[in-house]
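Novice: Fit chain F to the known structure of chain P by using the hints.
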Amino acid sequence: MLSDYAPILVFLGICILFGAGVPLLSSVLGPRRPSPEKELPYESGIVPSISARRRFSVSFYVTAMLFIVFDVESIFLFPWATIVRQLRVFGVVEMGVFILVLLLGLVYIWAKGALRWD
Amino acid sequence: MNALAALPLATATPGWHDLVGLLPELIVAGGFLALMLLDLVVPPARRTWLAVFSGAVLLGALAVSVWGWYDAGAAGRSVFFGAFAYDRLAVFGNCVILGTSLLTVVISPGYLIRRKLHHGEYYSLLMAATVGMMLLAGATSLMVIFLAIELLSISLYILSGFSRQEERSQEAAVKYLLLGSFASAFLLFGMALVYGETGHTQLAQIAASMSRSLPVDPLLVGGIILMFVGLAFKVSAAPFHAWTPDVYQGAPTSVTTFMSVATKVAAFIVIIRLFDDAFASYYSHWSAVVIAVAILSMVVGNFAALTQTSIKRMLAYSGIAQAGYILIGVAVGVGTSLGVQGALYYLAAYAFTNLGAFAVVTVMSGRGEDLDSYDQLRGLWHRRPYVAAALAFFLLSLAGFPPTAGFIGKFLVFAAAIQAHNVALALWGIGTSAVSVFYYLRVTLIMFQRPKEDAPAYEWPRTGVAGSAVLLVTAAGTLVLGVFVVLVLTVATMAQTGTLPGT
Numbered sequence: 001m002l003s004d005y006a007p008i009l010v011f012l013g014i015c016i017l018f019g020a021g022v023p024l025l026s027s028v029l030g031p032r033r034p035s036p037e038k039e040l041p042y043e044s045g046i047v048p049s050i051s052a053r054r055r056f057s058v059s060f061y062v063t064a065m066l067f068i069v070f071d072v073e074s075i076f077l078f079p080w081a082t083i084v085r086q087l088r089v090f091g092v093v094e095m096g097v098f099i100l101v102l103l104l105g106l107v108y109i110w111a112k113g114a115l116r117w118d
Numbered sequence: 001m002n003a004l005a006a007l008p009l010a011t012a013t014p015g016w017h018d019l020v021g022l023l024p025e026l027i028v029a030g031g032f033l034a035l036m037l038l039d040l041v042v043p044p045a046r047r048t049w050l051a052v053f054s055g056a057v058l059l060g061a062l063a064v065s066v067w068g069w070y071d072a073g074a075a076g077r078s079v080f081f082g083a084f085a086y087d088r089l090a091v092f093g094n095c096v097i098l099g100t101s102l103l104t105v106v107i108s109p110g111y112l113i114r115r116k117l118h119h120g121e122y123y124s125l126l127m128a129a130t131v132g133m134m135l136l137a138g139a140t141s142l143m144v145i146f147l148a149i150e151l152l153s154i155s156l157y158i159l160s161g162f163s164r165q166e167e168r169s170q171e172a173a174v175k176y177l178l179l180g181s182f183a184s185a186f187l188l189f190g191m192a193l194v195y196g197e198t199g200h201t202q203l204a205q206i207a208a209s210m211s212r213s214l215p216v217d218p219l220l221v222g223g224i225i226l227m228f229v230g231l232a233f234k235v236s237a238a239p240f241h242a243w244t245p246d247v248y249q250g251a252p253t254s255v256t257t258f259m260s261v262a263t264k265v266a267a268f269i270v271i272i273r274l275f276d277d278a279f280a281s282y283y284s285h286w287s288a289v290v291i292a293v294a295i296l297s298m299v300v301g302n303f304a305a306l307t308q309t310s311i312k313r314m315l316a317y318s319g320i321a322q323a324g325y326i327l328i329g330v331a332v333g334v335g336t337s338l339g340v341q342g343a344l345y346y347l348a349a350y351a352f353t354n355l356g357a358f359a360v361v362t363v364m365s366g367r368g369e370d371l372d373s374y375d376q377l378r379g380l381w382h383r384r385p386y387v388a389a390a391l392a393f394f395l396l397s398l399a400g401f402p403p404t405a406g407f408i409g410k411f412l413v414f415a416a417a418i419q420a421h422n423v424a425l426a427l428w429g430i431g432t433s434a435v436s437v438f439y440y441l442r443v444t445l446i447m448f449q450r451p452k453e454d455a456p457a458y459e460w461p462r463t464g465v466a467g468s469a470v471l472l473v474t475a476a477g478t479l480v481l482g483v484f485v486v487l488v489l490t491v492a493t494m495a496q497t498g499t500l501p502g503t
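Protein chains in written order, with this note's numbering: chain P, 1 to 118; chain F, 1 to 503.
Chain P with its partners taken away, still in its complex shape (with noise of 0.2 Å):
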């Protein structure tokens, strides 16, 4: 039973040696020719203009979280969706059922006014 388990001991031996090993080996091995340009955050090319330890609007991480939310929900539609034909009416209501409690809290949180930003 407990000799099962050792593909997976050998395969977390692996992950340890290959997420350690590979920025020891670019450190070591890669070139580092510093400037002041390469040391600012990257922005996607744009200077930053000021601290990045700041105050964020709260809209920001409700927005985030209602996405996430969402879109996680959104991939249960995907193995449904393979067998929705084995499933026949159930597998429909089923997912109507959980569309509509999706659909409920959309309305509560667009009704509480979490999707307004100002």
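I should point out that these hints are in silico values taken from the structure, not numbers from a laboratory.
Derived contacts from chain F toward chain P, CB cut-off under 10 Å, selection only: (1) 13; (2) 14; (3) 29; (4) 33; (5) 36; (6) 39; (7) 40; (8) 41; (9) 196; (10) 219.
For each label pair, taking beta carbons as the anchor points, the in silico distance ranges come out as: (11) 411(F) <-> 55(P): 56 to 62 Å; (12) 427(F) <-> 78(P): 56 to 62 Å; (13) 4(P) <-> 373(F): 53 to 59 Å; (14) 192(F) <-> 67(P): 26 to 32 Å; (15) 385(F) <-> 68(P): 51 to 57 Å; (16) 185(F) <-> 86(P): 32 to 38 Å; (17) 54(P) <-> 369(F): 32 to 38 Å; (18) 442(F) <-> 4(P): 53 to 59 Å; (19) 4(P) <-> 427(F): 42 to 48 Å; (20) 73(P) <-> 452(F): 55 to 61 Å; (21) 78(P) <-> 185(F): 26 to 32 Å.
Don't be surprised by glycine CBs; every beta carbon is placed ideally from N, CA and C.
Specialist: Chain F alone, transformed into the frame defined by chain P:
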């Protein structure tokens, strides 16, 4: 590849009889969604109607659950392909949880209005937590157990931080969230090991696989113990209790009332289902851990409660100790008939008694800050004799004096320990309850003292019809469970027969 190909594709679909088994849960879940939307249209001044609506939904679900007691029958049956048990243990749990939830809803509007916390989300979150607890009471699959625990926990995390202007409430929410996530991780890791070793997520199949597996599998034992750690956190047994006093004190009192009772009932029912049935063949490997946790909870809970000067913290430590007593029943539940009966009886007794004790604190909490320190109770007997008498009665029941529910509960679990030839365990229980008398009586005596002239007494609000009704019901329940023992014991016996219905 072969293993994957051999998996049967789920072409069978659940039918009406599956839905009937989940009817109370579906009603409360529907109520949860409806409340979320109703909150959007009900004007703030009329929010008491939301409480009325949730009360009606809970009452309906309670009626269906009582009907389910007869419909499920003595054997019970498995619904949704073995994921969920529709049996008397689940129905028993549902009834206690729904009753707790209902009584909480009754005392909530008055308290929340006084504390300026009357938001509609309170009721929808309460309903969501109730659904989670009910699902937990009936869960017979590792996946359902985990989902139900998350549903109830996440709702309770938010509820314990519901007084969001208050620092202590925020602290309670963050502490509960962080430590609760840890406990979930333990539980999930345990589940992963159990699944890995048995290859099943459904308890009936896990039990069958365990009774076959010889020699003893160390990873399986590890998984069982890890699952116990996760669940022991939820019932706040020592040494997984550190969050309890802070969360119980910081959360709004009506929330504490609810979660101190209902969470424990739901988690204990799943503990009984897991340990006294599914994992029964590994009894000799987990019993020592459960007994150690039981003894530690009784000692830590009772001795820490001695030094408290806050009634909410005292009741939190007392709840830890009570979890220890119930764990005695669980620990000896495999070999004896009394163990599970005693644990179930104790749960019902604890539900009424602890609900009553916290309800007194809720009902007596005025504007401004919660009723909390012992000093604020001084002289309650002279101003509010009935409320003080009720609290004294609940505290006596928690201490285990006859003729209250607490006495019979303690008697049954100690008798179960003796029946299992574990006299030492019973003696630990008796010894620590003797200690507990001190702090329960201390609060009682403070209520009977005359208030000091110079110290401004706490402004106790009027009890109101709702508050009086809840105190009356809980006091009556505590008395009935203490006097009509045979009646309730029959129910508990019927509830324990067959905790894993066959498919």
